[in-house]
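Here the protein sequences come in this chain order: D and H.
The first sequence: position 78 = 78 (our numbering), numbered continuously.
The second sequence: position 88 = 88 (our numbering), numbered continuously.
By construction, these hints were calculated from the structure, which means they are not laboratory data.
All residues carry an ideal CB built from backbone N, CA and C; glycine is no exception.
It is possible that some hints are incorrect.
Calculated cross-link-like contacts (lysine-lysine; reagent style DSS-like; alpha-carbon spacing at most 27 angstroms) [said to hold, decoys possible]:
#1 K140/D x K95/D
#2 K295/D x K271/D
#3 K120/H x K157/H
#4 K273/D x K301/D
#5 K157/H x K177/H
#6 K310/D x K161/D
#7 K140/D x K273/D
#8 K140/D x K157/H
#9 K140/D x K295/D
#10 K176/H x K157/H
#11 K176/H x K42/H
#12 K42/H x K223/D
#13 K161/D x K273/D
#14 K161/D x K176/H
#15 K148/D x K301/D
#16 K271/D x K310/D
#17 K42/H x K177/H
#18 K161/D x K177/H
#19 K217/D x K198/D
#20 K148/D x K177/H
#21 K161/D x K157/H
#22 K176/H x K148/D
#23 K290/D x K310/D
#24 K177/H x K140/D
If you want a taste of the chain D side facing chain H, the calculated C-beta under 8 angstroms gives, among others [stated by the list, open to error]:
#25 F28
#26 N30
#27 M75
#28 C151
#29 N169
#30 V173
#31 H185
#32 S188
Counterexamples of contact, computed for chain H against chain D with all Cβ distances above 10 angstroms [claimed, not checked]:
#33 D46
#34 G206
#35 K221
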Amino acid sequence: MNTSFDLIIDSWTLEELTEAYPVARDFFLNLNLPPLNPGRTLADALLAADDAWLAEFGLTCHEIPAQLAAFLSAMTAPETIREIASITIIGGRNKLGEPEDVELRVEAGTVVSVVGPTGSGKSRLLGDIECLAQGDTPTKRRVILDGKALCEDERFSLEGKIVAQLSQNMNFVMDLTVAEFLEMHARSRAAGQAPAGKTEQVVQTCFSCANDLAGEKFSLDTKVTLLSGGQSRALMVADCAYMSSSPIVLIDEIENAGVDRRAAITLLARKEKIVLISTHDPLLALSADKRVIIKNGGIFKVLETSPEEKASLAEIGKMDDMIARIRRDLRHGERIKV
Amino acid sequence: MKMLTVAGPPSSGKTSVILRLAECLEQRTGVIKFDCLTSFDKSRYDEAGVPVQIGFSGKFCPDHFFVNNVEGGVAWGLRRGLDFLVTESAGLCNRCSPHITGVTGICVVDCLSGVHTPRKIGPMLKLADIVVITKGDIVSQAEREVFAWGVRQVNAKSQVFFVNGVTGQGAFMLAKKASAARDVDSLSDTRLRFTVPAAACSYCTGETRIGENYQMGMMRKMEYDL
Ligand SMILES: Nc1ncnc2c1ncn2[C@@H]1O[C@H](COP(=O)(O)OP(=O)(O)O)[C@@H](O)[C@H]1O
Ligand SMILES: [Mg+2]
Numbered sequence: 001m002n003t004s005f006d007l008i009i010d011s012w013t014l015e016e017l018t019e020a021y022p023v024a025r026d027f028f029l030n031l032n033l034p035p036l037n038p039g040r041t042l043a044d045a046l047l048a049a050d051d052a053w054l055a056e057f058g059l060t061c062h063e064i065p066a067q068l069a070a071f072l073s074a075m076t077a078p079e080t081i082r083e084i085a086s087i088t089i090i091g092g093r094n095k096l097g098e099p100e101d102v103e104l105r106v107e108a109g110t111v112v113s114v115v116g117p118t119g120s121g122k123s124r125l126l127g128d129i130e131c132l133a134q135g136d137t138p139t140k141r142r143v144i145l146d147g148k149a150l151c152e153d154e155r156f157s158l159e160g161k162i163v164a165q166l167s168q169n170m171n172f173v174m175d176l177t178v179a180e181f182l183e184m185h186a187r188s189r190a191a192g193q194a195p196a197g198k199t200e201q202v203v204q205t206c207f208s209c210a211n212d213l214a215g216e217k218f219s220l221d222t223k224v225t226l227l228s229g230g231q232s233r234a235l236m237v238a239d240c241a242y243m244s245s246s247p248i249v250l251i252d253e254i255e256n257a258g259v260d261r262r263a264a265i266t267l268l269a270r271k272e273k274i275v276l277i278s279t280h281d282p283l284l285a286l287s288a289d290k291r292v293i294i295k296n297g298g299i300f301k302v303l304e305t306s307p308e309e310k311a312s313l314a315e316i317g318k319m320d321d322m323i324a325r326i327r328r329d330l331r332h333g334e335r336i337k338v
Numbered sequence: 001m002k003m004l005t006v007a008g009p010p011s012s013g014k015t016s017v018i019l020r021l022a023e024c025l026e027q028r029t030g031v032i033k034f035d036c037l038t039s040f041d042k043s044r045y046d047e048a049g050v051p052v053q054i055g056f057s058g059k060f061c062p063d064h065f066f067v068n069n070v071e072g073g074v075a076w077g078l079r080r081g082l083d084f085l086v087t088e089s090a091g092l093c094n095r096c097s098p099h100i101t102g103v104t105g106i107c108v109v110d111c112l113s114g115v116h117t118p119r120k121i122g123p124m125l126k127l128a129d130i131v132v133i134t135k136g137d138i139v140s141q142a143e144r145e146v147f148a149w150g151v152r153q154v155n156a157k158s159q160v161f162f163v164n165g166v167t168g169q170g171a172f173m174l175a176k177k178a179s180a181a182r183d184v185d186s187l188s189d190t191r192l193r194f195t196v197p198a199a200a201c202s203y204c205t206g207e208t209r210i211g212e213n214y215q216m217g218m219m220r221k222m223e224y225d226l
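With the rest of the complex left out, here is chain H (with noise of 0.2 angstroms):
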């Protein structure tokens, strides 16, 4: 089974490329899909006859959510006897990137997005193999170029495409890149290529009042100005 993790900004069209994807891949592609409160892909995922598991980190960190449970998804993916596993979750919280070595990493942003957002984003951009820019078919060639260069410049390794999540053009190209991902049967022992957020601290454990005599643990102090 090989296996993709899909990341990217809310709304920047993460369904809909992995939807087209999968449409190219013409293979049994299941989805992971890593959520906070609520996910409204998975009726979009069923109506394609896409097979999807929704996990919802809810009051954990997403991040510690992910690589807690991601392993038990390639599990899930084996016994449906998948040949194509993509995780998709919604950039965790900015900071951090699911990608784990081995695995191929891909970003999506969305080019309507502002033209600093590739270097907002952090390592999940940084970190990925592929970069999928969507929503390109709204704007002018010259600033889809000025986009893709700024993605260029955070992460210079990576291959960009444009795909239109609407239509599907460009996804067949990012699936003939995307078959040629290793093979995965367990990720034990693998890495992230990202350490996830460092805290466990009273707010971790569901205190909500503000102040400091409530919060212990581990945390960061800002220096402000005088």
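Chain D extracted, bound-state conformation (with noise of 0.2 angstroms):
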């Protein structure tokens, strides 16, 4: 699997190594190596290197190259998406123990939005579709895939990459930057080969389209643990949009977060994706196609969106409109008169 990194590493140099593998030198400062000469392989460099300090740390010069085109090869798998045409929700007990008998399909291309009063078990049914639930929730609920049941094998490899998700944690607990978790993260994603102009380009646009989402502006250089929630949820949605190319997009309760929530939705459910938004939000509830209403844990209704309804939208929009007028004019000192 490794060979044609073993090959690289024997008769490349190690500038040559890092200019077309530049996720290389993470390996080198992971392993907290002295510097090696740049222009010998990696082989030749090590010679130059202690032995004894390298035994401190548990490794022969032997072992290093081999350990390195281990490193590449995970850090150069080409991140396959796999596309879905089709999600089947199978339903388990609702919290009072009572069969949930519904089998809910949604397809690609569809937005459907979970409502229902708090505690009900809107996250829960989001949680499931993450999670890809094969009954070992407490709903017990299955979520198929494509019309076909999941093996475990697939669920595991599948679990975290096929669903982008803006939870209702607003905040970020990392010490970074805003351009370094943005850099960080498009290196994640990119899985080590992105040359360092497309990272530069996708870390610009999720920060630009942060700020437009945000009501305040903040820069590249702010600690995103100093970001208002506005800002990280903000940024979350644009980090979604930009970085991941999941099949489905679950969001859970955006409209608190003191973002631009139509727009941000607009973002998310470009393409042909599967869309779950849990909201008390009117106006995002009946913009999607569907809408499920959750009651003590378990689907209580599917109601497609109906013509009247779709026709009532552009009246709520201006309610709406309304409404964020008077909320700016208040907060800029106006005196309000409907």
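Mind docking these for me? Both chains are given alone in their own frames, and the hints should help you get the complex.
If you want it as structure tokens, here you go:
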């Protein structure tokens, strides 16, 4: 599997190697290796390194090239995204233990809203989809892709890869600036091969998009932990829209986040994706093609958005704009009159 | 009897992961907890009905203590008729790793612990077969991915699992993987995957005074700048 890398590592100089595979630099950094001569091959350069020093780190100069080959092969493995035409959620049990008698099929290109009182189980439904539940979550639901049950290996290899998720978590914890965070995420997604220019471009796109969505502006060298709730959410939306090519998008209550939610949804629902939005917002709920009503932890009803409801959207949109204007005026110390 | 060595920095969620794992395994699982001075985990294992032995290394090097006692632990597990024996240790001194060739090694890391933590943890992460990332439910997917990438950079070969120690989400898949661990009935002649620290100096034997006069045995001096 690593043979091509074995050959490259054997014959290329370190300079050529890190030029072609910039991610190799991380390998040397992580090993805490002393500076190696970039004009030599790895094996030659290691001859000059202190054996005793390597031994302390549990290394010999024979193992390092093989480890680097394994590292490069893992880091550059292309991320294959599985296309998904439909998902089906097979009902389990609600919180009262009653059977949830539904089979909800959602096709690619469909937006479904999930509504219901707080605590009714909206997030749980999204969580079941995220982990591709197979009767092993509290709801006992099962999730099926393209009409076929998943075997365990498939489930494991798909978990976290086919679903892009905006959860209710609104804070960052990592000690990184916005630029560093986006760059690391871009590199982790690009399987180590992306030329530097491409990474920069994605970072810029995400950054300017996040700033458009957020109320207050922030800069590339702001620490992510210092972003406001709205700014964090805007950054997560932009990141989700531009870094991820997952065919399923799950959005949990984006409305309380201080971002332009309609712009955010439009951005996230681009292309032929399967989108589920848990929401309390009438405008978002009715913009969807279908809505799922959750009660007591179970799917209580599934409604297609009716033509009348679609027709009412324009009017609801106006009301929504009016509320937004009032909110803005209030914030700027204006007097309000409707 | 199958065996797992579980290591990870303090408070990374090892005990919770092991308890959730034990639930999913649905087999007789027992734990040996290696600790330095105190341990608060015994009651948690007792409550869950998981047989547990606690070993305190006290004034001894925790790494050496682990190696000297782990074989006895295997004998205990066999006497108890366990299907699964799990050792839990708090990363010993971070330089070390309790992972043994032929025994499935798990490292538990907490994704709130900082983006550079995977690089700092050393062999117990680098040489693990499975890496379990905890507390992922608290952050966004983007942050989980960045953290997991940091883990893969240090250990490209491992399989990474996200496990929620509170709800148990993810433990099911971890249990599937852990069930593939090899059977072990003795550790005689197996090897540690990484050496334990080499030191036998005056401080190892109880010296507390500071100064050149008291420093004897194997030790290393730092070279400071002028
Ligand atoms: N069918 C179910 N069976 C058991 N527990 C459930 C079920 N559905 C939801 N829950 C639990 O109910 C709690 C509230 O659900 P949650 O999804 O957070 O509600 P919401 O997002 O609608 O506010 C969670 O702890 C969830 O795991
Ligand atoms: Mg919720």
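Hints and how they fare:
no.: 1; hint: K140/D x K95/D; in the structure: holds (11 angstroms)
no.: 2; hint: K295/D x K271/D; in the structure: violated (31 angstroms)
no.: 3; hint: K120/H x K157/H; in the structure: holds (18 angstroms)
no.: 4; hint: K273/D x K301/D; in the structure: holds (23 angstroms)
no.: 5; hint: K157/H x K177/H; in the structure: holds (15 angstroms)
no.: 6; hint: K310/D x K161/D; in the structure: violated (33 angstroms)
no.: 7; hint: K140/D x K273/D; in the structure: holds (25 angstroms)
no.: 8; hint: K140/D x K157/H; in the structure: violated (33 angstroms)
no.: 9; hint: K140/D x K295/D; in the structure: holds (16 angstroms)
no.: 10; hint: K176/H x K157/H; in the structure: holds (18 angstroms)
no.: 11; hint: K176/H x K42/H; in the structure: holds (26 angstroms)
no.: 12; hint: K42/H x K223/D; in the structure: violated (40 angstroms)
no.: 13; hint: K161/D x K273/D; in the structure: holds (14 angstroms)
no.: 14; hint: K161/D x K176/H; in the structure: holds (19 angstroms)
no.: 15; hint: K148/D x K301/D; in the structure: holds (24 angstroms)
no.: 16; hint: K271/D x K310/D; in the structure: holds (21 angstroms)
no.: 17; hint: K42/H x K177/H; in the structure: holds (26 angstroms)
no.: 18; hint: K161/D x K177/H; in the structure: holds (19 angstroms)
no.: 19; hint: K217/D x K198/D; in the structure: holds (24 angstroms)
no.: 20; hint: K148/D x K177/H; in the structure: holds (23 angstroms)
no.: 21; hint: K161/D x K157/H; in the structure: holds (18 angstroms)
no.: 22; hint: K176/H x K148/D; in the structure: holds (21 angstroms)
no.: 23; hint: K290/D x K310/D; in the structure: holds (11 angstroms)
no.: 24; hint: K177/H x K140/D; in the structure: holds (22 angstroms)
no.: 25; hint: F28; in the structure: violated (11 angstroms)
no.: 26; hint: N30; in the structure: holds (5 angstroms)
no.: 27; hint: M75; in the structure: holds (7 angstroms)
no.: 28; hint: C151; in the structure: violated (11 angstroms)
no.: 29; hint: N169; in the structure: holds (5 angstroms)
no.: 30; hint: V173; in the structure: holds (5 angstroms)
no.: 31; hint: H185; in the structure: holds (5 angstroms)
no.: 32; hint: S188; in the structure: holds (3 angstroms)
no.: 33; hint: D46; in the structure: holds (26 angstroms)
no.: 34; hint: G206; in the structure: holds (26 angstroms)
no.: 35; hint: K221; in the structure: holds (15 angstroms)
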